[in-house]
Amino acid sequence: MQDLLSLFYENREFIFLIIVSIFLGIEVISNVPAVLHTPLMSGANAIHGVVIIGSIIIMLEASPDNYFALILGFFAVVLGTLNVVGGFVVTNRMLEMFKKKEK
Amino acid sequence: MMELLGLSILELCYIAASITFIMGLKMLSSPDKARKGNLIAAYGMGIAILATILFKEELTADKWLNYALILAGLIVGTVIGTRMALKVKMTAMPQMVSFFNGMGGACAAVISLVEFDHLLHTGKVEMSMLIVIILGLIIGGVSFSGSIIAYGKLEGKIGDKALPAGQVINIVLLLVMIGLGVFIAMADTQEALYIYILLGVSLLYGVLFVMPIGGADMPVVISLLNSFTGMAAALGGFLYGNQAMLTGGILVGSAGTILTVLMCTAMNRSLTNVLIGSFGGGGAGASGQSGEQGTVKEISVTDAAILLAYANKVSVVPGYGLAVAQAQHTVHNLEKILDDKGVEMNYAIHPVAGRMPGHMNVLLAEADVPYPKLMEMEDANDDMDNTDVVLVIGANDVVNPAAENDPSSPIYGMPIIDVIKAKNIIVMKRSMGKGYAGIENELFFHDKNRMLFGDAKDSLEKLISEVKNL
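Just so you know, the protein sequences line up as chains S and P, in that order.
Each residue of the first sequence is one higher than the last, beginning at 1 in our numbering.
Each residue of the second sequence is one higher than the last, beginning at 1 in our numbering.
Bound conformation, chain P alone (with noise of 0.2 Å):
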């Protein structure tokens, strides 16, 4: 009686923490709610792990090592996990976020390698088990590995390396993966070797999948990889019978992978040819350089000050060398600034600028810059004709016209912000070095466009104290 109450408690506590998944998920789609959707999904998460410790098994004082290492467990993850979340600044999130993503890829793979063990021992083995087992072990461990490359890429700690014939590599790697997959799962009896191998090759396979994918691009890995690692979850669900896994990991799998496929769509490309397209890897730096490269024009921190304070309407195309310079609270001094000048200034955000969709969004978001001031893509563009001073902030790909009109261009077919059609151009940017991508720019040698050197933050405090003088 007293266990069967237990266990109903569990499922309860199970039943409750979907709920506030899918709540959490729900809410986190809408601006005003997000917040507290992602709190509702936290004390959800909380009860599910209270509920299993207390009610999953009979409290016996014979495991008091593993209750002991459970408690101590939590305690090393939570203190660590949280000093890293605070610590971390607003330009790191999108690893931080990658980083946490590669935790819980580890997580799931340590469980299959565990699981598999314990089948070697107690000798039945069921099919259905073990191909469960193996999928939690190669989706977590590419999941893992893939998400701590990506981590280090953003760190910029990794540059982008494409092993020569790296595509015929990967394909070699996923066959073997699959093939000894099969192999353990048809085999009539089992060694520990051959899981061990398995791991090797899925770390491996995530990090050559991972590295040659580079510039705008990381985001959309980033996402696959997180929808990746909430597979490895519910099948972690599927092992144990668990509802909340299941239902937590799958929500996290579907969502994600459309999450991936929305931001595909942003840049008008398909997911292989993400994966498979590999920007910035090779000699893809060589294309976009066959026209003549006329002249840079240069532009004054006066002369530039000018030009805003007597334009109508000016827009800010951010990207990530504002996050890079932290300028996030400068530039909104500027709109500021120019707002009592009579200045109408707002923000064209392009969905990947920076190294994450929304990473604009959130980092202006920081620096109190009012919602309506920012403008999504199309919108943006749309206004363009009436724009009569663009300010291209440390962006550089998402403003480039090679994709609209160069078809050798690895961004060819990305959408851009039409930058040209406004009535003056501004770049400003640390040197003339190529963006993410690593493609040259013919937006630089434009008629329209002038450039302002330095550091973004510096320019910007700048510019504001000549149009304050003004």
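Isolated chain S, as found in the complex (with noise of 0.2 Å):
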């Protein structure tokens, strides 16, 4: 109990920052039609491709002789920039196509 308590406490910014961002998330695509269903969903993938920092941070603290961090750190870097290079590029084809007839 003790320790959820101070969890809790510890990290209330987070939870707090966490609950404002859900609600943020809900409104800001609430109003979406459904013509931008694909190009929204794929844009939001791109956008968790966030999770590259991580994989940064992870490089950067890694000490050079942990070959263990630095390899699968490594691959998870590849795989963030997939993700976020992949995803805003698809993203953007899909718009292209869009815009083309918006004249």
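Calculated directly from the structure, the hints in this document are not laboratory data.
Heads up, a few of these hints could be off.
Unchecked claim - Example chain S residues on the side facing chain P (calculated, C-beta under 8 Å, incomplete):
1) M1
2) L5
3) H37
4) G43
5) I47
6) I53
7) A62
8) A76
9) V85
10) M94
Predicted, not measured: the structure shown is a model, and the values here were computed from it.
The C-beta atom is built at its ideal place from N, Cα and C for all residues, glycine as well.
The task is to assemble the complex, starting from two chains supplied on their own in separate frames and drawing on the hints.
Right under this line is the structure:
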């Protein structure tokens, strides 16, 4: 109990941020027309590629002789980059098609 | 002083990145700003990545290998990611999204593995960190293997397979995952072995979780896994006290969940029903065959052309077959030719037609079909009484009347495009094969319906030349 309470108290700012972000996420996309469902999903997919920052932090903090962390971290960077770059490029390709016929 | 400056710049960059994520998502919800929104979010991401490399740790010479590997990783990922994203065909976009989503999940799982190893070696194990690492591993692992299965299924490499007692196995696996997770979190001494077992179970669960789900439900699964990866990214943010990861991850997690719910609502089903109901699995194909089938009537290309050319109002119901045949430009040509003849043609878009919500919209947008021509399902249905000819191109489940009148059908309750209300129906299909949900469609046997067999693009081209000759 004590553990859980202190867990909550120590992370209260994060918990606050999480809850506000949840509502923000719901609010931000609540009016999306069906036309944009696929690009929106794809764009959101690219944004969660932000997980790549975690893999970069691993690499930065790993000591240069910790090959376990370096090798796995390297793969994590590759995977995260695939998510970010692939995600944004695919979304852009989808949306390019929408743009042409706006005019 | 210098260090403080760097760290402040880093935090400012994270704030900026978070703002671009929010703006990006917001702008992605409106057609004219969507492209800019995507670019803004991409810039924000670039800033966050660059700032992390430059300011997170002091640049020191003895870590040259670390920096070299980071750069190498970024380059390899960028080259492969860009190539894949630029090469992929419009029809394969949904599985591409699923694939990239899986990469993000895998990234989160690997981060958890390394951080667990780190905890093992530093000795001091905080429970809060352990919980975050374990959750990140489970969610990332499930998201990775689930996305790869979804990718394989949409590519047609993996069929719908349901294990006997699959539900029970899945529930058991879920309980094992939770139990093992709690065990690791509570244990006094940590062993690496358990975390690898947990990873294995998570990966297996992802596979078995997506495996039996098929048909019209795949979009829902991809969207759900998308929000999973968002949550995994947010857990990483929690782990490192990193605001950009936290806000980005949570935003996608909650937005993705809402999007998933929106899709379920469009199909008039609950999420649990989608996940447990497993379309197309087992003997679902057996239902809907009870009534007498009647006969299927074919129509020649010439007759179909006459029907179209002398109609006042034609409505096209596109489906996955249109995407497969890459016939979006051809159908737009037909629309222009009919327009010259004074025939009004529009498109009735079912929210889950194709393999992803909005799939048809994207596809038709590629062929420069103007927005006002694309009608959402409700409007299209209101208009159906005044429609002379409905042309169903490569769609099946979304026009299946069983969804309305056969309670035993697996798609019962899903709203459909009510083509039967129109005066004539022409279904263009390659064969009498079943739709993705694997069930019969009594529409094909309906009095008003005529079948035009063949590849959608091929048939449309023939139709166009016939209409021109009239």
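The hints, checked one at a time:
1. Taking 8 Å as the C-beta contact cut-off toward chain P, the hint placing S:M1 at the interface is violated, the least distance being around 13 Å.
2. A distance limit of 8 Å between C-beta atoms decides the matter here; for S:L5 the minimum to chain P is near 12 Å, and the interface restraint is violated.
3. Below 8 Å, beta-carbon pairs count as interface contacts, and S:H37 has one with chain P at about 4 Å; its hint therefore holds.
4. Annotation: S:G43 was flagged as interfacial toward chain P, and the flag holds, the nearest CB pair being 5 Å apart, inside 8 Å.
5. With 8 Å as the threshold, the beta carbon of S:I47 comes within range of chain P, its nearest partner Cβ sitting at about 5 Å, so the hint holds.
6. Annotation: interface hint on S:I53 holds; nearest CB of chain P at approximately 5 Å, less than 8 Å.
7. Checking S:A62 against chain P by beta carbon gives a least distance of about 6 Å; that is within 8 Å, so the hint holds.
8. Because the beta carbon of S:A76 sits about 4 Å from the nearest beta carbon in chain P, less than 8 Å, this interface hint is met.
9. The criterion of a C-beta within 8 Å of any C-beta in chain P is met by S:V85, whose closest approach is roughly 4 Å, and the hint holds.
10. Taking 8 Å as the C-beta contact cut-off toward chain P, the hint placing S:M94 at the interface holds, the least distance being around 5 Å.
In terms of the numbered hints stated before, the structure departs from hints 1, 2, listed from lowest to highest.
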